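When we follow my numbering, the leftmost residue of the sequence shown carries the number 1, and every step to the right adds one.
Derived by calculation from the structure, the hints in this document are not laboratory data.
Warning: the hint list may mix true and false statements.
What the hints assert, rightly or not - Each computed DSS-like pair below joins lysine-lysine, with the alpha-carbon atoms no more than 30 Å apart:
1. Lys86 / Lys72
2. Lys52 / Lys28
3. Lys122 / Lys111
4. Lys28 / Lys44
5. Lys28 / Lys12
6. Lys109 / Lys122
7. Lys52 / Lys42
8. Lys9 / Lys19
9. Lys72 / Lys44
10. Lys19 / Lys6
11. Lys86 / Lys73
12. Lys42 / Lys28
Unchecked claim - Derived CB-CB ranges, DEER-like:
13. Asn54 / Asp16: 50 to 60 Å
14. Asp56 / Leu98: 36 to 46 Å
15. Val50 / Asn24: 47 to 57 Å
16. Gln85 / Val120: 44 to 54 Å
17. Asp121 / Pro82: 25 to 35 Å
18. Asn3 / Leu43: 34 to 44 Å
19. Met21 / Lys42: 27 to 37 Å
20. Val50 / His10: 29 to 39 Å
21. Glu94 / Glu55: 28 to 38 Å
22. Glu100 / Arg64: 31 to 41 Å
23. Leu91 / Lys52: 26 to 36 Å
24. Gly25 / Glu45: 28 to 38 Å
These numbers come from a predicted model, not from an experiment.
Quick reminder that beta carbons are idealized off the backbone N, C-alpha and C, glycines included.
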Amino acid sequence: MENLQKELKHQKEQVDIQKNMLTNGEEKLRNTEGELNEEINKLKEKASAVVKLNEDLNLVTQERHQLLEELKKTESESSKLPQLQKQCDLLVWERDQLQEMLEGIRAEKNKLEINLQESVDKVLGL
1 MENLQKELKH QKEQVDIQKN MLTNGEEKLR NTEGELNEEI NKLKEKASAV
51 VKLNEDLNLV TQERHQLLEE LKKTESESSK LPQLQKQCDL LVWERDQLQE
101 MLEGIRAEKN KLEINLQESV DKVLGL
């Protein structure tokens with residue numbers, strides 16, 4: 001009987017030890033679960049931040065593309081400037097030439113009008 005009591009006592013001690021181990025394991029598991037949940041939340045925040053950064057990057061990339069297109073257009077237009085300046089200079093020269101011709105024609109017209117008036121006066125005066 002004494003052996004049974006010793007065995008029973010030993011078994012109870014073993015059960016208590018296992019209960020303590022189980023309790024400790026459960027507590028560690030809860031702590032680990034809490035830590036994992038915190039890490040999951042941090043990762044979710046980081047994932048949201050990455051999504052936001054990707055959106056921002058896409059906007060910046062689009063803006064960069066637009067600016068590069070505008071730069072190409074500006075460079076293309078700038079390369080045409082010397083040709084346009086030459087055309088403008090040529091048109092100014094042609095205008096000046098036409099202006100001189102017009103002045104000559106007006107002077108000749110005035111002479112012809114004076115000559116005509118003199119001729120009319122002579123004819124009427126006779």
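Looking back at the numbered hints, which does the structure fail to meet, lowest number first? 2, 9, 14, 15, 17, 18, 20, 21, 22 and 23
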